[in-house]
Amino acid sequence: MNKETVLGVLLFMLSLSLAVVPIVMAFSAHGWDPKATLLGDSNPIETQFGDLQNLNLENMFGNPDFGNLSNLGLTDLLSLLQGGPINITIPVTSPLNFPITVKNISGNLVCREHGITLGYFQLANEVQFPAYGSNVLTIAGSANTAEALADVATHGGWPNNTGFENVTLKLEIYGIVIEGTIESI
Amino acid sequence: MNMKINLRKLVRTINWFGVIAGILMIVLPFAGRWWRLSVGTGAMDLATSPFGITTTAFGQTMESTLARYIFLGATISIMIAGLFVLLASLLPEQWWSARLMDFGATKVFWMAIWLVMTPLIGAYIVNNILPGGQTLGIFVVGATISIVIAVLFKFLARKFLKKLWSKRLMKLATNVLLMIAAMFIVLAVCVFAVGKFLPNGVQGLVSDAIPGGTVSINVPYVSGSAATTFSMSMGSGQATVTLPINMGLMSGFALAIVTAVFSILAWVYHPGPPEEKEKKKK
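Just so you know, the sequences run in chain order A and B. Counting with this note's numbering, you get residues 2 to 186 for the letters of the first sequence. Counting with this note's numbering, you get residues 127 to 408 for the letters of the second sequence.
No wet-lab data here; the hints were simulated from the structure. You can trust all of the hints, since none of them are fake.
Straight line, CA to CA, 20 Å or less: simulated DMTMM-like cross-link-like pairs of lysine to aspartate or glutamate: (1) A:Lys171 x A:Glu127; (2) B:Lys135 x B:Glu219; (3) A:Lys104 x A:Glu173; (4) A:Lys36 x B:Glu189; (5) A:Lys4 x B:Glu219; (6) B:Lys288 x B:Asp228; (7) B:Lys293 x B:Asp228; (8) A:Lys4 x B:Asp228; (9) B:Lys280 x B:Asp228.
Isolated chain A, as found in the complex (with noise of 0.2 Å):
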């Protein structure tokens, strides 16, 4: 054998144990153990999301505030309803252990009694949550034609058996949307 043939024996040889001796280091690193070698032990869906199950919501929302509403006499709800958007502030304490966005709730409220559409109701400005962090969600509802101001003059109030139709919510959680819709609850 010439030293040609040695050398390239050589460099064939360095290439191929270069090749690998790291993956057999690696394996023996982790006994053998396919599935820790490759992924290693953290598991970071696991750490993050593994919570969920156990998510306690009972203090998750403080009192809303629904500023004067609810003791209104009908001269001076229906006043109300024509002058403009209502903001109903909701203090909300994120349960969640990652920090979230709500980019958007919105919706019809309707009177299912007489199917009239009484108004709908949109997240004033997108709410950004931190991990375990509080904030404010101020929801903004319009009374939305003569006929549900008739209707609230008809129930002499506000109507009792009222639902809501459509009703959207979009979430950002680390840039991924979540965005989810009802058609009535």
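With chain A held as given, fit chain B onto it using these hints.
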């Protein structure tokens, strides 16, 4: 005076392309990552090169021992290759010079090619093959044509090319063609596997798992932005999850291209092994 002439001769014989390439190859593993991928903002961030990978998912760093060791092997390999190219370039008249140059010169070129091809093929599989409906024909034809041209190149090189540099360039072109053929074969295998195990594509898989579920997969090719959307219907409700995906080449890749260009130039320019010189003399 004599020493001056020798020095001038030495400087003239040095393969300067190789000197630059060798130095760049030694530096390259420390010049940063080559390609990045991000999903959302912090949901997943990945930056990689043939010498390392940094992955964070939901704010947590992910580590793989296997990846770490393989990248360590690649780092040592490219540094040794750089050293060999440097030595071969400084002493091109030595009997071992051409061998060392052959060993190291094309490494960065292939690394750069693989780094581009892997996300390219991955994106093609995700965007076009996973949804199903592809036929094998185009991939089989592609692989066959590439192999035929590669064999033809090899034949032509042996028959007609006399200059070493032209033979080397033809060898490189042949290997690129063979790699393209391998790529077509991988895609054909994927089309076959999807046809066999996912007859309705990934959409069928999602609809089976979630009634009313749909998926719209859209992944950028190597660089750019796109969004993948999963939708599902439940009674009167509907939920949609949108994952923004962002990819791009990084500054380390620019240095890799410069290194690859100098390495190929050095390889093409480098004198051949002693037996080539013997042939020439005859």
